[in-house]
Amino acid sequence: MSFREILSMIVVLAVVSGVCGGGLAVVKMQTAEQIEYQKIKNIKEPALKAILSGYDNDPVTDRIKLVTGKDKKGKDVETTVFYAKKGGKVIAVAFEAYGGGFEGNVGIMMAVKIPDEVLDGIAATTHSETPSVGGVALNSPDFMGQFKGKSVSDNFALSSGGGAINGYSGATVSSEAATKAVTSGMEIFKKFKSEILG
Amino acid sequence: MSRIVEEFTKGLWKEIPPFRFVLGLCSVLAVTTSVESAVGLGGGVVFVLIMSNVLVSLLRKIIPDKVRIAVFIVIIASGVIIVELAMQAYFYGLFQVLGIWIPLIVVNCLVLGRAEAFARKESVVLALVDALGMGIGFTMSLTVLASLREIIGVGTWFGISVMPEWYLGFPYIIKPAGAFVCLGGILAIMNVVSARLDAKKREAEAA
Amino acid sequence: MGPILSAVVAMGGLGLVLSAALGVAAKVFYVYVDPKIGEVADVLPGANCGGCGYAGCNDCAAAMVAGEAAPNACKAGGDSVTQAAAAILGISATAAERDIAKIFCRGAHGAAERKFIYSGISDCRAAMQVSGGDKSCSYGCLGLGTCVAACPFDALSMGDDGLPVVDERFCTGCGTCVSVCPRHIPQLIKETQKAATLCSSHDLGKIVKAICSVGCIGCGKCKKACPEKAITITKFLSIVDHEKCNGCGKCFEKCPTGVIQSLVA
Amino acid sequence: MGDYLLFMLSAIIINNILLIKFLGVCPFIGVSGSMDSAIGMAAACVFVNVLATSLCWMVQMFVLEPLGLEYIQTLAFIVVIAALVQLVEIVLQKVAPPLYRALGIYLPLITTNCMIFGVAVLNIREERGFIDAVVYAFSTAAGFSIALILLASIRERFAIGRIPKVLQGFPSGLITAGIVALSFYGLVGLA
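Listed in order, the protein sequences are those of chains A, B, C and D.
Quick note on numbering: the numbering used here labels position 52 of the first sequence as 52, and the sequence is numbered without any gaps.
Quick note on numbering: the numbering used here labels position 111 of the second sequence as 111, and the sequence is numbered without any gaps.
Quick note on numbering: the numbering used here labels position 5 of the third sequence as 5, and the sequence is numbered without any gaps.
Quick note on numbering: the numbering used here labels position 39 of the fourth sequence as 39, and the sequence is numbered without any gaps.
The shape of chain A in the complex, shown without the other chains:
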């Protein structure tokens, strides 16, 4: 393998993989928008449908992304806020927040009625709680229903911790995760109210 052969090999392989890398980046840029839409539509929409009602737009398209904090590694944490409109007027706002659960983060999608700023309902999106214990709690109407109708500034801690929510018996950790998620969600809402209602 003469030196010239090796050189041509290096050049060809480097150039071809570089060009392919660049081409793929371009394709990625084109499809990024659509992929994000699809992701949200397929994962978040079920939860959105459960908590939002009476809207005539597609909340998945009317959405904005806010940088709502930094995680441990310093990367921005983004929260997507979905708008439910009726006749062009925003009637409710939905977004997702996370609370530490038994097996990992529990994602809770919550909807806040506008303008009276009352919690319109919550639904679990992503969680890896033990299905038979935590999973049941996060789907039981009587536990999840307690949040509906409460005002944004209420104390959402568990009744054992002085709050107004009684935990689902036997799944205290998961119910606590849900309350933590809602509490952090409310803080985000209050902190970024101006941008959200902008």
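Honestly, the hints are just simulated from the structure, not real lab data.
Just to be clear, a hint being listed does not mean it is correct.
Derived lysine to aspartate or glutamate pairs resembling DMTMM-like cross-links, with alpha carbons at most 25 Å apart [what the hints assert, rightly or not]:
(1) Lys66/B / Glu5/A
(2) Lys65/A / Glu70/D
(3) Lys102/C / Glu122/B
All values reported here derive from a predicted model rather than from experimental measurement.
Using the hints, position chains B, C and D against chain A.
Structure of chains B, C and D alone, referenced to chain A:
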């Protein structure tokens, strides 16, 4: 012109992957539990096959022989990523169903096999036609295998139930073990057909 | 601009690093391989049948380039391969006479007796394990078709009389059947051989007479009758020498069991 | 240590990469005709699989993730594997010629072996740590070898069995694999 037709039809019967030209079995066995995913994967493979064959035969003069396998693989991998992104963007349901089997098209022996054995030596038009023939052949056989397995296994076809109510389905064939036996069975039937064809050909030759 | 640039740099860099590593490795671990071996290997049929006595076409090509094997070593390829290989190696090659396989036994079901009824695995090698096979004649063909299954060119088929039949058009003389048969009944003879004793039994005449009506009893009549002295009797079996025999046919009438026959159909 | 054992057992036997997850079927059918080729292929696969998984894991963690290029993972991994196989081929040819001649024709085949690439991608999708990934690679390759050698020993008996002409070769291989997969499938409840 006849060469083009011949290259195209060979992918449809004489060397139809994966039955006669046994390549690319990994995805065939795994994906043919339902016709929808089989057609989805078949479509992906056709696109990658066409793109890789055309690009390979375009670049065949300038690729140094020592590194040609790596360059072919880079081209095929880019084709696969484009398919993956497109599927994620427009057919998200299918993307979730196929899961890991889309990136695995890159190691599908059929695609690299065609690039190595055919596209490297032929002109662009022939490479395109060969890719089309092979791709459609592959998708057709995937669909046949998938419908067989779905109808026998679950009693539905493309999700529509086609079997009478009393048919409870035969889940063995949907399971991994059933895939092997089902493909083995089809290969055996193909052998019978081709053995008979060869026997006739030999008589014709001998006479 | 960031993501595209980072993708190009990352992938280009990866390609660069890997190919550089390959280049260095190719330089450091350089082993001289004669390029001619590749060319010769391409010309050979690639059936890896072993007819040349090497473990596959690559080995045979290496032997040809090293000069150990003659260009006509590849039996399966025939003349076209021999000429092509000789052209690459730049030496002249005498076109080798084609070898074909011939079945040296005529002990069909009716003619040869059986010691017992064998119903085990239908393979001559397996039958041999059962007290030397079910045929009374310990040299005769067992007729279970191992050679038929082993032939890489499908030139052998099982006759309905229980003996294999060679189809000369497809037989390339690769010798797989000779090596696979436990009793070496099929043997390679020159295509132009005119006569042969179609039997492999070295038993005494009277034993052969008792168990097989078409075997060679070693009486030597064919040897006496042959004007060219082409026939020799080795351990009660007559062997026809291909060079000396001119196919005059005097021995055919003399043979009491008609085992010596003309091959020129 | 206990859970590593269970982890390895599940990767080797319970969800065997070949018979349950279908990765690596192409060389499996092609090579399981005879025992020594099966052993050669299995050894080559174990060796390359562990090497490839560790390299791909590093490329993912130190190159792709920091730059946010996860979507290009397929391209990066397969280039690394192709180069690795070629590198192993060159090194083996010089360092251990008899081993090279024994593994000779199987090495280039490994690039298109779905198992090597599949395991590398699975390790990333299931977010495993480096040691876990290497242990997983080793055990899947061990599972692959067990299945391959098991099948090779069975298929070697076919040479002298009474197999109808039509079923010889691929069909008999596939059907045997199906039945052996059924036996592996029986263990699924274990782990």
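For a quick check of understanding: which of the numbered hints are violated here, in increasing order? Violated hint: only 3; rest satisfied.
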